[in-house]
Amino acid sequence: MTAGTDRAGADPSSVAPSAGTADVPAVDAPPATQPVAWRHRHLLDVDALSRAELELVMGTADAMREVLERPIPKVPALRGTNVTILFYEASTRTRVSFEIAAKNLSCDVVNIAAASSSVSKGESLVDTVRTIEALGADMLVMRHSVSGAPYLAAEAFGGSVLNGGDGWHAHPSQALLDLYTMRSRLPGGSLEGRKVVILGDVLHSRVARSNIWTLTAMGADLWLCGPATLLRGFEAWAARGASGRRFTVTSDVDAALRDADVVMALRIQKERMASGLLPSLREYAARYGLTRERLRAASPEALVMHPGPMNEGVEIAPDVAIDPRAVITTQVTNGVAVRMALLYLLAGAQHGGGKS
Amino acid sequence: VSDVADRLDLRGWAVDPAAGCEGAAELTVRDGILERVAWLEGADADGLDADGTLLLPGLIEFHAHFREPGSEDAETVATGQAAAAHGGYTTVAVMPNTTPAIDEPGVVGRVRAAAVASGSPVRVLVHGAVTAGRAGETLAALGELADAGVAGFSDDGAPVHVPALLRNALAYAGALGLPIIDHPEDPSLTTGAEMSEGYVASVLGLKGWPIAGEAGAVARAIAVLADVVQDVPGAHLHLTHVSTAASLAHVRAAKSAGLPVTCDVTPHHLAFTDEWVAGSRRWAWEALAGDGSARDPWIDGALVAPPFDASLRVNPPLRSPVDAAACMAALVDGTADAIVTDHAPHTEVDKHVEFGWAINGISGIETALPVLLAAVDAGRVSLTRVVDALTTGPARLLGERRVTAPGFREGEPADLVVVDRGATWTVTPDALRSKGKNSPLLGRELRGVVRLTVAGGRVAFSAD
Chain D
1 MTAGTDRAGA DPSSVAPSAG TADVPAVDAP PATQPVAWRH RHLLDVDALS RAELELVMGT
61 ADAMREVLER PIPKVPALRG TNVTILFYEA STRTRVSFEI AAKNLSCDVV NIAAASSSVS
121 KGESLVDTVR TIEALGADML VMRHSVSGAP YLAAEAFGGS VLNGGDGWHA HPSQALLDLY
181 TMRSRLPGGS LEGRKVVILG DVLHSRVARS NIWTLTAMGA DLWLCGPATL LRGFEAWAAR
241 GASGRRFTVT SDVDAALRDA DVVMALRIQK ERMASGLLPS LREYAARYGL TRERLRAASP
301 EALVMHPGPM NEGVEIAPDV AIDPRAVITT QVTNGVAVRM ALLYLLAGAQ HGGGKS
Chain C
1 VSDVADRLDL RGWAVDPAAG CEGAAELTVR DGILERVAWL EGADADGLDA DGTLLLPGLI
61 EFHAHFREPG SEDAETVATG QAAAAHGGYT TVAVMPNTTP AIDEPGVVGR VRAAAVASGS
121 PVRVLVHGAV TAGRAGETLA ALGELADAGV AGFSDDGAPV HVPALLRNAL AYAGALGLPI
181 IDHPEDPSLT TGAEMSEGYV ASVLGLKGWP IAGEAGAVAR AIAVLADVVQ DVPGAHLHLT
241 HVSTAASLAH VRAAKSAGLP VTCDVTPHHL AFTDEWVAGS RRWAWEALAG DGSARDPWID
301 GALVAPPFDA SLRVNPPLRS PVDAAACMAA LVDGTADAIV TDHAPHTEVD KHVEFGWAIN
361 GISGIETALP VLLAAVDAGR VSLTRVVDAL TTGPARLLGE RRVTAPGFRE GEPADLVVVD
421 RGATWTVTPD ALRSKGKNSP LLGRELRGVV RLTVAGGRVA FSAD
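From first to last, the protein sequence lines stand for chains D and C. Residues 1 to 356 in my numbering are what the first sequence spells out, letter by letter. Residues 1 to 464 in my numbering are what the second sequence spells out, letter by letter.
Bear in mind the hints are in silico, worked out from the structure with no lab data behind them. Take the hints with a grain of salt, since some may be wrong.
[Unchecked claim] One side of the interface only, derived from the structure: several residues of chain C facing chain D at Cβ under 10 angstroms:
no.: 1; residue: L204
no.: 2; residue: G208
no.: 3; residue: N360
no.: 4; residue: V376
Since we're looking at a predicted model, the values are computed, not measured. Ideal Cβ positions, reconstructed from N, Cα and C, are used throughout, including at glycine.
Please take these sequences and the hints and turn them into a complete structure.
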């Protein structure tokens with residue numbers, strides 16, 4: 001294990017007193033000047049985040065949201081911080097969101113789009129990361145098609161690694177922006193006891209996996225729904241989930257949607273048919289597609305979410321995507337605020353934040 | 001060239017499973033010959049117990065990869081022999097998945113020549129390939145390989161997955177008096193799989209390797225064997241690195257039915273589990289709850305290391321604590337005939353990469369004995385049974401023609417290992433003689449230090 005990196009991405013040299021209260025920092029100022037109760041040098045997964053830490057991210061994102069509403073949505077907080085965005089997988093939304101978030105904090109940003117067809121071709125991830133560090137990067141935002149790759153990067157990188165999505169494993173910033181969006185839109189601002197349904201290709205979804213951790217931590221009544229082939233292995237997880245982190249797995253879409261407070265549809269990829277997991281997109285749309293008709297079973301004010309990009313007419317009907325209950329574009333805007341919060345908090349941990 | 005063990009006077013706790021003896025003993029070696037074996041009793045045995053110095057017959061490895069020819073950057077026959085001796089092994093049978101594959105006598109000769117040229121007294125036996133180029137299409141030169149003295153046939157690393165070809169191979173090899181050593185795997189269920197299917201794989205988002213991907217292949221191979229023995233009573237199916245409860249149930253039933261099937265288990269499938277991929281490092285038996293189910297490493301503080309350590313990527317994959325317990329039960333009840341390390345050294349270039357892109361394999365021949373002693377310490381298996389499965393078990397699989405029966409017999413060349421059971425050592429890259437540093441135990445302190453390995457009367461390894 002590399003010194004200074006525990007499995008959660010915490011740097012023991014900057015462990016703060018327990019983050020029992022979410023003391024939200026004044027985000028106009030650099031984090032090094034403030035007491036921030038954030039101990040994770042990297043953000044690789046959300047499995048180890050406590051409820052208090054989730055609250056801190058939410059509170060910091062609130063402050064960032066306020067920045068975004070200013071005439072000039074930019075603060076000098078991270079001036080001089082070099083952020084490298086290294087994406088081994090195609091992405092528009094997440095990559096641009098991180099880039100805007102970093103620029104809003106006055107970071108200097110470099111984008112690298114890397115092809116990753118084969119490990120045998122070209123430079124290894126470890127060498128790439130060492131090179132990026134030698135070029136002066138303080139923070140590395142990365143996306144990779146292989147689960148766990150950011151842990152390998154974190155082992156080699158002296159700064160902070162922020163996981164922008166790895167394989168089927170985790171998509172921390174997406175889960176946190178989803179949580180932020182739900183809290184800001186649900187009456188009372190709490191997930192406690194709220195029925196949240198994640199509908200679709202759960203098996204291949206890093207968004208679903210990360211949302212399991214964050215939503216159960218916040219007390220939501222979480223349901224995973226889809227064809228049995230796309231829920232493989234999740235019953236084993238649900239059966240073992242720790243107390244208070246339980247969720248329900250079902251292929252019964254009507255039972256799942258009944259009285260739901262939030263419905264999140266996941267993208268269905270065409271290659272799932274080739275591997276025999278689904279008969280056809282048509283059958284999927286007919287049996288699991290999120291339509292107005294189906295949505296009637298949910299709570300009248302139910303939020304409709306989608307991490308994007310959408311296949312309209314497959315997992316979500318076009319009219320549902322633009323329904324007043326849909327918060328899909330709000331998710332995108334909130335994504336910038338949440339990613340600003342994450343960059344800010346990680347920079348604080350890097351600077352030994354929390355030691356005030 | 002190593003020295004003859006000219007003068008050794010050894011006192012300790014000896015285990016000779018062939019003779020059915022375990023107890024305080026004194027071994028006297030002169031000019032490489034075990035001159036005297038004295039089992040001690042009463043006052044003579046004072047101070048000698050199973051927690052001190054162990055005297056064991058030289059260990060026998062039925063399944064290792066020495067990578068020569070073709071991947072000498074990962075291991076050579078010479079470095080493999082050095083690693084074996086450091087682990088307490090005096091005989092090693094190597095697998096034929098080299099480049100080129102050991103599918104004709106010329107390559108057998110090349111491996112043998114390397115074993116002699118190294119000067120190491122560790123004996124190297126060779127398994128030949130089942131199919132030409134290990135491609136799974138046509139039979140390799142089985143007869144010629146048998147004439148060249150191979151110990152068995154295996155396409156290890158890949159299964160013989162066409163049942164018709166497996167049937168022919170079992171019959172043809174059976175008539176030659178040699179086993180087919182099958183790596184049971186159904187590729188249609190395991191393509192792209194990254195770790196054992198189950199709770200941990202689901203959480204980590206790694207593609208699951210289902211139980212049926214092994215158990216189905218085991219059941220089918222046994223069914224094919226049942227047909228073959230009608231024609232060829234000498235047919236012998238050996239299933240290597242069996243890792244699941246379901247597979248072992250099939251083997252147990254086949255043995256009860258009298259079929260000529262044998263199998264082995266590995267130290268890593270006995271002692272490590274899938275939760276290690278998530279960052280746990282507790283032994284398999286420590287991951288079981290009181291009711292025999294697996295504990296949850298996410299809630300009981302077991303996750304101490306970063307997840308996705310590629311040194312844990314192995315085929316078959318590390319299984320659940322429940323499957324590991326089934327492997328242990330099979331070892332204890334004899335369903336598993338032997339323990340093999342499946343020593344699979346790899347370079348950093350192939351291993352220090354993204355988990356899903358890392359090559360399969362664990363460098364394990366030097367840590368096998370201490371890992372198994374941990375199981376003995378925990379009361380999961382007896383010392384005698386472990387030593388039996390590391391000596392007489394593999395010796396039976398290799399056959400009397402190829403290996404002298406292990407044990408302490410006066411007048412024969414000394415073949416033994418001396419282990420300081422109470423001493424500890426830390427597994428580090430430098431401590432491993434193997435070129436393969438791909439061990440998930442790096443950094444870990446293990447109890448049980450090999451002090452001396454004598455093979456055929458010559459010193460193969462000495463800590464002093």
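Restraint: C/L204 near chain D, CB-CB cut 10 angstroms. Satisfied or not? holds (6 angstroms)
Under the criterion of a CB-CB separation shorter than 10 angstroms, is C/N360 in contact with chain D as hinted? violated (14 angstroms)
Per the CB criterion, is C/V376 less than 10 angstroms away from chain D? violated (28 angstroms)
Answer holds if the nearest beta-carbon of chain D is closer than 10 angstroms to that of C/G208; otherwise answer violated. holds (6 angstroms)
This entry does not satisfy hints 3, 4, going by the numbered hints stated previously.
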